[in-house]
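Q: Line by line, the protein sequences are chains A, B and C.
Number 66 in the working numbering belongs to position 66 of the first sequence; there are no gaps in the numbering.
Number 458 in the working numbering belongs to position 25 of the second sequence; there are no gaps in the numbering.
Number 814 in the working numbering belongs to position 194 of the third sequence; there are no gaps in the numbering.
Accuracy of the hints is not assured; some may be wrong.
Stated by the list, open to error - EDC-like, lysine to aspartate or glutamate: derived pairs with alpha carbons at most 16 Å apart: (1) K811/C to E721/C; (2) K811/C to D222/A; (3) K850/C to E653/C; (4) K637/C to E170/A; (5) K924/C to E721/C; (6) K924/C to D906/C.
Stated by the list, open to error - Label-pair ranges, simulated between beta-carbon atoms: (7) S845/C to P351/A: 39 to 45 Å; (8) S3/A to G652/C: 49 to 55 Å; (9) G709/C to F418/A: 27 to 33 Å; (10) I529/B to S2/A: 56 to 62 Å.
It is worth saying that the hints were derived from the structure and are not from the lab.
Note that CB positions come from ideal geometry on N, CA and C, so glycine has one too.
If you want the building blocks of each chain, they are given just below.
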Amino acid sequence: MSSFALGLGGIGLMLVMLAFRQPVWIALAVIGIAGNWTLNSLMTAKFTAGTTLFDVASNYNLSVIPLFVLMGEIASGSRMSAELFNAARVLLSGLRGGLSMASIASSGAFGAICGSSVATAASMTRIAMPEMNKAGYEPSYSAASVAAGGSLGILIPPSIILVIYGSITETSVARLFAASMIPGLVLLVLYILVAIWLAHRAGAAPLEAGASIGQRLSALKDPWQFVLLFVLTIGGIYAGVFSPTEAASVGAFGAIVLGFLKRTLDGARLIAAIQASVIVSCALFMIIIGATLFANFIVQTRLPDTLLQLAQDAELNVFVVMGLIIVIYIVLGCFLEGLGMVLITVPVFLPVVVGYGFDPIWFGVLVAVLVELGLITPPVGMNLFIIRAQVRELNIRQIYRGILPFLLAPVALIILMFVFPQLALWLPELFYN
Amino acid sequence: MSLLARLRAGQIFLKAYNVTDPDHQAGRTMRILHWIASLALCVMMLVVVGDVILRAVFNTPIQGAYDVVSISLLVMTVFGIAPVVAGRREIMIDLIDGFVSNTTIRVLAVIAALTGGMAFLFLGWAMITPALDAWRWGERSLELGMPKWPLWVVAFLGLVGILWAYLIQLRSNLRGAQDSAPGEDKS
Amino acid sequence: ETLKVTTFLPPMHTFVKAVNAWGEELNEKSGGELDLEVFPAGQLGPPPRQFDLVRSGGADIAIFLHGLTPGRFPMTELAGLPLTYPSSGSESAASSRRLTELAPDYLAGEHEGTHILWLAVTPPLKMHFTDADPSDLGNLEGKRIRYAGSTWQKIVESMGATPVPVPPAETADAMGKGVVDGASFPFEATKAFDLAPVTEYSMEPGLASATFAVVMSDAAYDRLSPELQKLIDETTGPDRAAWFGALWDESEGHGRDYMEEAGVNIVKLSDDQIADLQGSFRDIVDSSIESVGGNAAKFVEAYKK
Ligand code: NA
Ligand code: NA
Numbered sequence: 001m002s003s004f005a006l007g008l009g010g011i012g013l014m015l016v017m018l019a020f021r022q023p024v025w026i027a028l029a030v031i032g033i034a035g036n037w038t039l040n041s042l043m044t045a046k047f048t049a050g051t052t053l054f055d056v057a058s059n060y061n062l063s064v065i066p067l068f069v070l071m072g073e074i075a076s077g078s079r080m081s082a083e084l085f086n087a088a089r090v091l092l093s094g095l096r097g098g099l100s101m102a103s104i105a106s107s108g109a110f111g112a113i114c115g116s117s118v119a120t121a122a123s124m125t126r127i128a129m130p131e132m133n134k135a136g137y138e139p140s141y142s143a144a145s146v147a148a149g150g151s152l153g154i155l156i157p158p159s160i161i162l163v164i165y166g167s168i169t170e171t172s173v174a175r176l177f178a179a180s181m182i183p184g185l186v187l188l189v190l191y192i193l194v195a196i197w198l199a200h201r202a203g204a205a206p207l208e209a210g211a212s213i214g215q216r217l218s219a220l221k222d223p224w225q226f227v228l229l230f231v232l233t234i235g236g237i238y239a240g241v242f243s244p245t246e247a248a249s250v251g252a253f254g255a256i257v258l259g260f261l262k263r264t265l266d267g268a269r270l271i272a273a274i275q276a277s278v279i280v281s282c283a284l285f286m287i288i289i290g291a292t293l294f295a296n297f298i299v300q301t302r303l304p305d306t307l308l309q310l311a312q313d314a315e316l317n318v319f320v321v322m323g324l325i326i327v328i329y330i331v332l333g334c335f336l337e338g339l340g341m342v343l344i345t346v347p348v349f350l351p352v353v354v355g356y357g358f359d360p361i362w363f364g365v366l367v368a369v370l371v372e373l374g375l376i377t378p379p380v381g382m383n384l385f386i387i388r389a390q391v392r393e394l395n396i397r398q399i400y401r402g403i404l405p406f407l408l409a410p411v412a413l414i415i416l417m418f419v420f421p422q423l424a425l426w427l428p429e430l431f432y433n
Numbered sequence: 434m435s436l437l438a439r440l441r442a443g444q445i446f447l448k449a450y451n452v453t454d455p456d457h458q459a460g461r462t463m464r465i466l467h468w469i470a471s472l473a474l475c476v477m478m479l480v481v482v483g484d485v486i487l488r489a490v491f492n493t494p495i496q497g498a499y500d501v502v503s504i505s506l507l508v509m510t511v512f513g514i515a516p517v518v519a520g521r522r523e524i525m526i527d528l529i530d531g532f533v534s535n536t537t538i539r540v541l542a543v544i545a546a547l548t549g550g551m552a553f554l555f556l557g558w559a560m561i562t563p564a565l566d567a568w569r570w571g572e573r574s575l576e577l578g579m580p581k582w583p584l585w586v587v588a589f590l591g592l593v594g595i596l597w598a599y600l601i602q603l604r605s606n607l608r609g610a611q612d613s614a615p616g617e618d619k620s
Numbered sequence: 621e622t623l624k625v626t627t628f629l630p631p632m633h634t635f636v637k638a639v640n641a642w643g644e645e646l647n648e649k650s651g652g653e654l655d656l657e658v659f660p661a662g663q664l665g666p667p668p669r670q671f672d673l674v675r676s677g678g679a680d681i682a683i684f685l686h687g688l689t690p691g692r693f694p695m696t697e698l699a700g701l702p703l704t705y706p707s708s709g710s711e712s713a714a715s716s717r718r719l720t721e722l723a724p725d726y727l728a729g730e731h732e733g734t735h736i737l738w739l740a741v742t743p744p745l746k747m748h749f750t751d752a753d754p755s756d757l758g759n760l761e762g763k764r765i766r767y768a769g770s771t772w773q774k775i776v777e778s779m780g781a782t783p784v785p786v787p788p789a790e791t792a793d794a795m796g797k798g799v800v801d802g803a804s805f806p807f808e809a810t811k812a813f814d815l816a817p818v819t820e821y822s823m824e825p826g827l828a829s830a831t832f833a834v835v836m837s838d839a840a841y842d843r844l845s846p847e848l849q850k851l852i853d854e855t856t857g858p859d860r861a862a863w864f865g866a867l868w869d870e871s872e873g874h875g876r877d878y879m880e881e882a883g884v885n886i887v888k889l890s891d892d893q894i895a896d897l898q899g900s901f902r903d904i905v906d907s908s909i910e911s912v913g914g915n916a917a918k919f920v921e922a923y924k925k
């Protein structure tokens, strides 16, 4: 059997395992190990399996996940997020879906201190979901708002994915960050448009009576400490006091200090928050371990290479090939986690894309958008899983159903990026040329 | 913090490990593993905050903060997976729930517990070679130059806990306890 | 026969291009019987696992950096001691050739389970500063310098500065924000990491190198026919190392031009200053050789000859 067929078969088997209620990490890990064994040998499969757990679990960059989960747990357990969303509710009262818009906008702001989409969604789940539930929002709608908003974490700088893209392609990370800023804001607006559109369907979000200007202004004073924590963290990153990775610890610690100062946090709540963060993060780490093993198998099947080769042999037009590349990304995104996707595809596609005369910085932003899309596409979508891990009342079916309309936004952004490449290229040129 | 607070946090999570009797050995073990993982998360946070403050205020960074974060993350993960497994908090896709009987779901859950346990047994077997390599070749951490083999020992300890947790999961699946029992979440 | 090559280096890196060129040569000379398939950017495993990946059969050939697994290749890493070079020159062509020549006698044990095809020593890493003028080395007192690896940590300390670990991709940003005041990098890497806009002074000569290896697993080698084994032997070894080193020296030159054109002042230390530095590095060199033990001293002597 060719490795290409083996790759497709592996994906198919994994889907069967997922459908039959096998935990996501098991489906990914078992197929990854078995595939590697078939392609190479037991010894190779054993080596990769034996080192992956250790390497993933001790990867410094992944430390942001448990720490941002903790920050969300603290903000929620100490009622800070309730205050924040109460303010947003009063401010945006009279607008249908106001809280959903607020949670997408807060995710965008969170994206400015957090380089990981999963961590952004993890934090925002605990901050935004309970408040939307209280306000009577349809759970699948509010979950989808958080999953979609959270994906902004890798498009609004800082971004782990762009740092990795930069090191694979030897392009400047600073330029990539500048390039992704405007597309990040455009996507934020697109997500909000989807949220407004959905809110007007019956039942998704109740309408609240508009508050007076005075009420709106006075609502702003409650959550000011939490907003200050945000601003200080962003400031700390841009002033170089701490790195984006360290910002996770600073943010979590700041939230704890704030909670104790406001007397809304006590020892018991703190312990409960820490213990809950461990459970949520470890459930996610198991999936990351499985996804790493699965990606290691898929990369060796050379699936994207083979498809690309077919397209090039057929001497297709540039835009058809680019279209095919995007389709490959979208399909892979349904099964792979973000980092694995970048590792598997970028070394293969970059030479082709640059050969067609596209700017590698522009392509980096495009890849980040496609990875974002992958984080929220069923069946394997990390942002969907992180919400499932934290909100146990919600089943995955509701989350899948809720997210579908939001997928339109990144697709629209991809089209916009082809029509107006300047969306990504204008800022880096302004800053660095 | 007060004894009451400790007890409360412990009690809340006992139910989540699928162990109802607090003196039960399995429950105690899961609780200890969960505490170790939680402690590691705190260490991670405090070391980074300490490093940032010392660097910003006194221009004297903590040597090895990077290593301590990596090690704490390892400890948190290998000890934190066991309570996840015992409490059946592994993420899975429940699309077929409306279409199949409860018995089928129970059978699938038993299969999942067996597969998961076997997958970790395989991982443990596979970890022996790299662990011995780390010891034999004297591999060291990047920043502090500490020997790496003790970290592998930690990973194996965590693994024993994970396998135990799979036994708990298997037992509760065989008994047919419902998934996502309401109220075991602390929120 | 297709040999799988694994490396953590990015696909457009000089090293990957060179290995691709060698692969084409193999293909041509074997009449299409032998091929290389390169998996770059750590596709098959993380950077520190590249060597073991080959030993486990996950790939046939690995290109890896010894410094990523501290303690694993103590003898080879001695070639990265400060101001320690062959008398034939500190350029990569000369040092790579010499190290490859010494491999069978001194370094094969550390690379157990593999054939060393060739070793490569980087052009010495230069120091780059945001505003400290290194023509007076006293100006470096108390500065925060980005480093990687324990040797560079000691070098920075011995110059009275504070070593700060910063990932390569974040260095330009850290220099721009004043998190660090300088960094050690070969010129060759300065363009990829965008260092010119944040660098005021670069210091020559470079102070210490890093070492890379290209190894093939014994299993893969034994699988080949005697003719193909001979082809591998003939196209690797010291000559290949020197050929590759020359490519590296060339990109080092391009990198230097890039810095100069961007207006960076390249400060050359005087012979007296270099002699002073050599004196202050003596402790680092002696203690490293001692801690490795065995025939480490003999190896370093042979390397410097
Ligand atoms: Na971000
Ligand atoms: Na997906």
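Q: Against this structure, judge whether each hint is valid.
A: Okay, the hints, checked on the actual structure:
no., hint, verdict
1, K811/C to E721/C, "violated, 32 Å"
2, K811/C to D222/A, "violated, 48 Å"
3, K850/C to E653/C, "holds, 13 Å"
4, K637/C to E170/A, "holds, 14 Å"
5, K924/C to E721/C, "holds, 12 Å"
6, K924/C to D906/C, "holds, 14 Å"
7, S845/C to P351/A: 39 to 45 Å, "violated, 32 Å"
8, S3/A to G652/C: 49 to 55 Å, "violated, 20 Å"
9, G709/C to F418/A: 27 to 33 Å, "violated, 51 Å"
10, I529/B to S2/A: 56 to 62 Å, "violated, 32 Å"
Violated hints, in rising order: 1, 2, 7, 8, 9 and 10; the structure is consistent with all others.
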